[in-house]
Each structure stands twice: as structure tokens, then as C-alpha cells.
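> For reference, the chains in residue letters:
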Amino acid sequence: MTCRELVRLITDYLEGGLSKRDRRRFERHLRDCDGCTTYVEQMRETVRLAGVLSEDDLAPQARDELLEVFRDWKS
Amino acid sequence: MSAAAFALPATEMAATRSTRLLSLTKCAANRSRADDRAVVAALCNGDERVFEGLVERYHRSLVRIALTHVHDGAIAEDVAQETWIAVLEGIERFEGRSSLKTWIFTILANRAKTRGGRERRQLPISALAGDDEPEVPLDRFLPPDDPHRPLGWAAPPRAWPEERLLSGEVVERVREAIAQLPTAQQAVIGLRDVEGLSAEEVVAALDISAGNERVLLHRARSRVRRALEEYFDH
Numbered sequence: 011m012t013c014r015e016l017v018r019l020i021t022d023y024l025e026g027g028l029s030k031r032d033r034r035r036f037e038r039h040l041r042d043c044d045g046c047t048t049y050v051e052q053m054r055e056t057v058r059l060a061g062v063l064s065e066d067d068l069a070p071q072a073r074d075e076l077l078e079v080f081r082d083w084k085s
Numbered sequence: 008m009s010a011a012a013f014a015l016p017a018t019e020m021a022a023t024r025s026t027r028l029l030s031l032t033k034c035a036a037n038r039s040r041a042d043d044r045a046v047v048a049a050l051c052n053g054d055e056r057v058f059e060g061l062v063e064r065y066h067r068s069l070v071r072i073a074l075t076h077v078h079d080g081a082i083a084e085d086v087a088q089e090t091w092i093a094v095l096e097g098i099e100r101f102e103g104r105s106s107l108k109t110w111i112f113t114i115l116a117n118r119a120k121t122r123g124g125r126e127r128r129q130l131p132i133s134a135l136a137g138d139d140e141p142e143v144p145l146d147r148f149l150p151p152d153d154p155h156r157p158l159g160w161a162a163p164p165r166a167w168p169e170e171r172l173l174s175g176e177v178v179e180r181v182r183e184a185i186a187q188l189p190t191a192q193q194a195v196i197g198l199r200d201v202e203g204l205s206a207e208e209v210v211a212a213l214d215i216s217a218g219n220e221r222v223l224l225h226r227a228r229s230r231v232r233r234a235l236e237e238y239f240d241h
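Just so you know, the protein sequences line up as chains A and B, in that order.
According to this note's numbering, the first sequence is numbered sequentially starting from 11.
According to this note's numbering, the second sequence is numbered sequentially starting from 8.
Honestly, the hints are just simulated from the structure, not real lab data.
Hints may be right or wrong, so weigh each one.
Stated by the list, open to error - Computed from the model, here is a short list of chain B residues facing chain A with C-beta under 7 angstroms:
#1 V46
#2 A48
#3 A49
#4 C51
#5 G53
#6 V62
#7 R64
#8 I98
#9 F101
#10 V143
#11 P164
#12 V181
#13 E202
#14 L224
#15 H225
Said to hold, decoys possible - SDA-like cross-link-like pairs, simulated, lysine to any residue; straight-line CA separation at most 20 angstroms:
#16 A:K84 to B:D54
#17 B:K120 to B:S216
#18 A:K84 to B:A217
#19 B:K108 to A:V50
#20 A:K84 to B:R100
#21 A:K84 to A:D67
#22 B:K120 to B:A93
#23 A:K84 to B:A93
#24 B:K120 to B:E102
#25 A:K84 to B:F101
#26 B:K108 to B:G53
#27 A:K84 to B:Q193
#28 B:K120 to B:V210
#29 B:K120 to B:N52
#30 B:K120 to B:A211
#31 B:K108 to A:L24
#32 A:K84 to B:V57
#33 A:K84 to B:E236
#34 A:K84 to B:P154
#35 A:K30 to B:G53
#36 A:K84 to B:Q88
#37 B:K108 to B:D152
#38 B:K120 to B:E99
#39 A:K84 to B:G53
#40 A:K84 to B:V62
Idealized CB from N, CA, C, for every residue including glycine.
The shape of chain A in the complex, shown without the other chains (with noise of 0.2 angstroms):
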């Protein structure tokens, strides 16, 4: 596997996508590589990053506008 075809593959690779043989290889080749070491590490950092933003905060208009909702339903 080249470093090229790895930068293609890691997606499915990190959603399990690959088959078992080319999993083999993608595996292989990051155990001889530093740069895609890096860029393994890098693209599940960013993965992580953007879970953190679920951590927002509900804008206060929506949060207001749908218990107002709820309080009519229920009454």
C-alpha cells in the first residue's frame, strides 16, 4: 500500500469499512510509516474535535420557543 492510497482508504478504514485483506495491508504499512502515523492520529483528533461541538449549548430562542410548545401541549 502506498502512503497515497492510505490518505484514500482511512475513512474506511476508521468506519471498519475494509475488507480483512486490506486492513492486513493498511496495517502493515503504518507499522513501517511515520508519516501516516500522523495522519491516523491527526484525522481521528479531528473526529474527536468535532464531537466536542455537540457540547453547544441549545440557542436560548429554540430552547424558550420549545417548552413554550410543550407548556401549550400539555395545558
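Starting from the structure of chain A, add chain B where the hints point.
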């Protein structure tokens, strides 16, 4: 990994792992069905905090899905709000044949489709066309006829400074990078990585093929990684 695990032949190890995974998934499904029943009962009793919890968990996802149909933030908010009304009005008829989450998303998808009307949806055709930007600029790889490492790194990525990864500024860069993605990529990375839906849930919510979901996710993640790289390297 323990020495004992190492001693197992690879195939056996994989089998053990997948059996364990399967039973874990089953447990999770059972537990979430029980949670769903508790949530439904609480809603029927008018428990506002439970409703607020649901809104916290799913409202942003609903808006993201709606945006792939209606292309206008205010209308997407509207559609999501209508969905909550429909959820409340239908809650007593919820039979638990699907999970509560899937049920809510299905209501949203139907409403968003109706609202989107004849306007052609941007997914998936135009979402996949006209975007063949490589994950990494091609000049960062050696040429295919390089005698030593064809298509190996010419300019490998440099490790990111760990202490800066915790800064709020980095999270801001991620937010900006996602906001600049084409709609379909934004929806997929938003649901999968930001809101933490499973790939299957994203496929169902956006009504796209598993293959398209994977391609869109790949493009989105690759671009966000590049934006971070530019940020760290400059």
C-alpha cells in the same frame, strides 16, 4: 493486550471479539428500548425536564437533517419545531416498534420533504459531483515512478502540538471548517461526528446510500483535517 490474547490465532480472536460486540449491541438495544418506554411515560405525564432532555439531544440533529431539504436556516428551525409538536401529539400512539430516536427522525424527514416541495434536493447527486479535490495536495506525495517510495510522502504531516489541541481556538477552527463545507458534507459530518449518530442512523436520516455516506464523510473529515493542519502550520 495481554499475553494470553496474543497467543490466540487471529481468526479466533476476531470471532471472540465479534461475539462480544454482538452481545454488547443487543444489551444496548434492550436498554435503550426500556429508556424509551420511560421517556414516553414521562412525556405523557407532562414531565417538562424529560422533554427538555430530548430537545437537548436531538434538536440540532433535526435542524441539520432539515437543512438538506430546505436550504434555509429559519425554515429548517421551523420544520424541527413542527416535528416536536407532531412528536408530542403522537406520543401516546408511539408503539416502540422502532426506537424513539428513529421515530422522531422519520417524522422530521417526512415534514422536511413536504416543506422542501418541488425544490430539488441537493442530496445525493450534486453532492457527489463537482468535488474531486484531493484529501491532501498531490504535490505532497512523491511521483508514482519514484524509485524508492512511489506515492509516498514527500512532505509528511507534522505532529500537532498536544498542548494546543486543548485550546478553545482549535475547536473554533473546527466549527468554521465544518461551516464552510458543502451542505451534504456538513450534514453527514454534523450527524456522524458532531452529534454522534451511527453510520446506519445517518444513512437512514438523510435517505442516502451507505456508499454515499462514506464518501461524504471522508471528504468532510479530510477537509476539516486540512483546515486544522493549515492552522497549526502557520
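> Hints first: check each against the structure and report whether it holds.
Here is how each hint holds up against the structure:
With its C-beta approaching chain A no nearer than about 14 angstroms, V46 of chain B sits outside the 7 angstroms limit, and its interface hint is violated. The interface hint given for A48 of chain B is violated, since its Cβ lies 15 angstroms from the closest Cβ of chain A, which is over the 7 angstroms cut-off. Restraint check, A49 of chain B versus chain A: the minimum CB separation of about 12 angstroms is more than 7 angstroms; hint violated. Taking 7 angstroms as the C-beta cut-off, the interface hint given for C51 of chain B is violated, the closest approach to chain A being about 10 angstroms.
A distance limit of 7 angstroms between C-beta atoms decides the matter here; for G53 of chain B the minimum to chain A is near 5 angstroms, and the interface restraint holds. With 7 angstroms as the threshold, the beta carbon of V62 of chain B comes within range of chain A, its nearest partner Cβ sitting at about 5 angstroms, so the hint holds. Here the hint on R64 of chain B is broken, as its CB sits about 9 angstroms from the closest CB of chain A, past 7 angstroms. Nearest Cβ of chain A to the Cβ of I98 of chain B: about 9 angstroms, over the 7 angstroms cut. The hint is violated.
Taken as an interface hint, F101 of chain B does not check out: its beta carbon lies about 15 angstroms from the nearest beta carbon of chain A, beyond 7 angstroms. Checking V143 of chain B against chain A by beta carbon gives a least distance of about 6 angstroms; that is within 7 angstroms, so the hint holds. Here the hint on P164 of chain B is kept, as its CB sits about 5 angstroms from the closest CB of chain A, short of 7 angstroms. The criterion of a C-beta within 7 angstroms of any C-beta in chain A is met by V181 of chain B, whose closest approach is roughly 5 angstroms, and the hint holds.
For E202 of chain B, the suggested interface contact is upheld, since its CB lies about 6 angstroms from the closest CB of chain A, less than 7 angstroms. Here the hint on L224 of chain B is kept, as its CB sits about 6 angstroms from the closest CB of chain A, short of 7 angstroms. With a least beta-carbon distance of about 4 angstroms to chain A, the hint placing H225 of chain B at the interface is held under the 7 angstroms criterion. Proximity of K84 of chain A to D54 of chain B is assessed by CA-CA distance (about 9 angstroms); at most 20 angstroms being required, the pair is judged to hold.
With a C-alpha separation of about 17 angstroms, the suggested pair K120 of chain B and S216 of chain B falls inside the 20 angstroms cut-off, and the hint holds. As the CA atoms of K84 of chain A and A217 of chain B are separated by approximately 40 angstroms, the hinted pair breaks the 20 angstroms bound. Proposed proximity of K108 of chain B and V50 of chain A is contradicted: the alpha carbons are some 32 angstroms apart, above 20 angstroms. With a CA separation close to 16 angstroms, the supplied pair K84 of chain A and R100 of chain B stays within the 20 angstroms bound.
With a CA separation close to 25 angstroms, the supplied pair K84 of chain A and D67 of chain A exceeds the 20 angstroms bound. Distance hint between K120 of chain B and A93 of chain B is fulfilled; the C-alpha atoms sit about 15 angstroms from each other, no more than 20 angstroms. Note on K84 of chain A and A93 of chain B: the hinted pairing holds, with a Cα-Cα distance of about 13 angstroms set against a maximum of 20 angstroms. Distance restraint check for K120 of chain B and E102 of chain B: the Cα-Cα separation of roughly 24 angstroms exceeds the 20 angstroms cut-off, and the hinted pair is therefore not satisfied.
The suggested pairing of K84 of chain A with F101 of chain B holds, with an alpha-carbon distance near 17 angstroms, which does not exceed 20 angstroms. Simply put, K108 of chain B and G53 of chain B have alpha-carbon atoms about 19 angstroms apart, close enough for the 20 angstroms limit, and the pair holds. For the given pair, K84 of chain A sits about 35 angstroms from Q193 of chain B by alpha-carbon distance, which is inconsistent with the 20 angstroms threshold. Only pairs whose Cα atoms come within 20 angstroms are accepted, and K120 of chain B paired with V210 of chain B is accepted, the gap being roughly 16 angstroms.
The suggested pairing of K120 of chain B with N52 of chain B is violated, with an alpha-carbon distance near 31 angstroms, which exceeds 20 angstroms. At most 20 angstroms may separate the alpha-carbon atoms for a hinted pair to count; K120 of chain B and A211 of chain B meet this at roughly 14 angstroms. Between K108 of chain B and L24 of chain A the alpha-carbon distance is near 25 angstroms, which puts this suggested pair outside the 20 angstroms criterion. Taking the CA atoms of K84 of chain A and V57 of chain B, the gap is near 13 angstroms; set against the 20 angstroms cutoff, the hint holds.
The straight-line distance between the Cα atoms of K84 of chain A and E236 of chain B is roughly 50 angstroms, outside the 20 angstroms bound, and the hint therefore fails. Restraint check for K84 of chain A and P154 of chain B: the C-alpha separation of about 73 angstroms exceeds 20 angstroms, so the hint is violated. For the hint pairing K30 of chain A with G53 of chain B, the CA-to-CA distance comes to about 50 angstroms; that exceeds 20 angstroms, so the pair is violated. The suggested pairing of K84 of chain A with Q88 of chain B holds, with an alpha-carbon distance near 16 angstroms, which does not exceed 20 angstroms.
For the given pair, K108 of chain B sits about 51 angstroms from D152 of chain B by alpha-carbon distance, which is inconsistent with the 20 angstroms threshold. A hinted pair counts as satisfied when its Cα atoms are at most 20 angstroms apart, and K120 of chain B with E99 of chain B does not qualify at roughly 24 angstroms. Only pairs whose Cα atoms come within 20 angstroms are accepted, and K84 of chain A paired with G53 of chain B is accepted, the gap being roughly 6 angstroms. For the hint pairing K84 of chain A with V62 of chain B, the CA-to-CA distance comes to about 16 angstroms; that is within 20 angstroms, so the pair holds.
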